[in-house]
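Participant: Sequence:
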Amino acid sequence: MRLDYVCSQCGSGIDEIFVQELDEIAFGFDCLNDAERQELLTFDPDSNTLTVKTLCDYCIAEMKLDLSAPTAKVHWLH
Numbered sequence: 007m008r009l010d011y012v013c014s015q016c017g018s019g020i021d022e023i024f025v026q027e028l029d030e031i032a033f034g035f036d037c038l039n040d041a042e043r044q045e046l047l048t049f050d051p052d053s054n055t056l057t058v059k060t061l062c063d064y065c066i067a068e069m070k071l072d073l074s075a076p077t078a079k080v081h082w083l084h
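Numbering (the working numbering), first residue to last: 7 to 84.
Hints were generated in silico from the structure; no laboratory data involved.
Computed from a predicted structure; not experimentally measured.
For every residue, glycine included, the Cβ atom is placed at its ideal position computed from N, Cα and C.
Hints are supplied without guarantee of correctness; some may be wrong.
Across the chosen pairs, the derived CB separations fall in these ranges [claimed, not checked]:
1. LEU28 <-> SER74: 26 to 32 Å
2. ASP50 <-> CYS16: 27 to 33 Å
3. LEU73 <-> ASP52: 22 to 28 Å
4. THR57 <-> GLN26: 17 to 23 Å
All chains should be modelled from the sequences, with the hints used to inform the complete structure.
Facilitator: Structure follows, in structure tokens:
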């Protein structure tokens, strides 16, 4: 199976990985909910390719995103 990583903002190709078997936990896909999976992952059975939408370094810099900030909501118990 081929995994194509593509920037969701500019459309540029970021990387291409070939795997024998897709391990969702190793690639972090297990953390996605159904809506996120539909938005970010597209499978083409004809080419056996999973396209993964992400952000390239250029777009991250242009958007001035703070990668040191947590990406998941923190739920504090009081």
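Participant: Each hint: holds or not?
Facilitator: Evaluation of the provided hints:
1. LEU28 <-> SER74: 26 to 32 Å: holds (29 Å)
2. ASP50 <-> CYS16: 27 to 33 Å: Violated - the Cβ-Cβ distance for ASP50 and CYS16, about 21 Å, lies outside 27 to 33 Å.
3. LEU73 <-> ASP52: 22 to 28 Å: This hint is violated: roughly 35 Å between Cβ atoms.
4. THR57 <-> GLN26: 17 to 23 Å: holds (19 Å)
Violation of the numbered hints given earlier is confined to hints 2, 3; the remaining hints are satisfied by the structure.
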